[in-house]
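Asker: In case you want the letters, here they are:
Protein chains: 2
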Amino acid sequence: MTDSLFTDTSDRNERHLARMLRKKAVIDERIANSPNECGLLLVLTGNGKGKSSSAFGMLARSMGHGMQCGVVQFIKGRNSTGEELFFRRFPEQVRFHVMGEGFTWETQDRQRDIAAAEAAWAVSRQLLSDPSIGLVVLDELNIALKHGYLDLDQVLSDLQARPPMQHVVVTGRGAKPEMIELADTVTEMGMIKHAFQAGIKAQKGVEL
Amino acid sequence: MTDSLFTDTSDRNERHLARMLRKKAVIDERIANSPNECGLLLVLTGNGKGKSSSAFGMLARSMGHGMQCGVVQFIKGRNSTGEELFFRRFPEQVRFHVMGEGFTWETQDRQRDIAAAEAAWAVSRQLLSDPSIGLVVLDELNIALKHGYLDLDQVLSDLQARPPMQHVVVTGRGAKPEMIELADTVTEMGMIKHAFQAGIKAQKGVEL
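Residue numbers (the working numbering), protein chains in the order written: chain A, 10 to 217; chain B, 10 to 217.
Bound-form chain A, shown alone (with noise of 0.2 Å):
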């Protein structure tokens, strides 16, 4: 009993390296043919938690490596997020601009959110012109080319002409299929459950 046991383990180990030995084989190539550096074009879109969220932890990681970055937040509430709390304590290594004016049903006024949209854009630009800043997040950018805010031609172009090593996170549901045309990378967040539903309100920490 304790000897069959002992070698179906040990078979089990053997077929787990045999296993890994064939997939260390398929990963290493496939890490030796993907030469390229270069400054990528990520989408995060899809109606589940975490977009935004994901946005910053690669704002976190490309300040682990020393590089300057920019975040324009395109529609928040007018309350300080934890992201905005906590960014805003490194001035000197993130430029951190909440442009927005609230959730379009909270502010009820197209105009004003146009304008709103289009000053974020403006400062946006300014970040994707210049070569110093490694990584420009553009927070909830989809919710306003999704109302039409702002032109979205113009939004692509501005992307395209970018430096060539600067990375680019564009969040917030709805991206636009030219946008994700466009992209390098592009995730869905699908929602398979959330704490909302159970009459669980949004919580410091997590949404904000």
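Worth flagging that the hints you see were computed from the coordinates, not collected in a lab.
Any given hint might turn out to be false.
Which copy is meant is left open, so a pair is good if it fits within one copy or across any two.
Heads up, simulated DSS-like pairs for lysine-lysine below, C-alpha to C-alpha not over 30 Å straight-line [said to hold, decoys possible]: (1) 213 with 85; (2) 155 with 85; (3) 155 with 202; (4) 85 with 210; (5) 85 with 202.
All figures in this text were calculated on a predicted structure; none of them were measured in a lab.
Guided by the hints, dock chain B onto chain A, whose structure is given.
Answerer: Structure of chain B alone, referenced to chain A:
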């Protein structure tokens, strides 16, 4: 012509206002009916990019609110990642533990992987039993569970026994159904496209 354009714009603004008024009413009511505050279990899974970075964004957010936090990375390469380099700057606010010995196809030794996962879980349990810790990130825990490196029932019961106000974020593809069942919020990150497919290697600030 100018008149009709003006009317079109004015109509559009009015329709927008009416739609946003209805939306605000619905959302305000939902918020009023969601008064509960409690510690959430969030699971970030799927094949798309953004799971770990989203967890680290929530970490930054929580730190912005002055919360004490803990991180355990279950399966990571030997090189320091940007998130490790960054969050280790704040030892007074984050306990950051990198416990894994590299991806499982790198170590190729199942018994060593199991030992590493068990050591990581022992550290996780300390965080999960400390009510002063507001947020715990268990990065790539799903991978350790998928490979059977940890006892699922034990992990789930330790998660359930944590302090009531503590948030936990679990990442990694292939989340177990029992983990999804226990979670309050679950996001499936779907890969629409990935720069890797176009021959671009993982880059600092984005993946590393």
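Asker: Okay, which hints does this one fail, numbers in order?
Answerer: none
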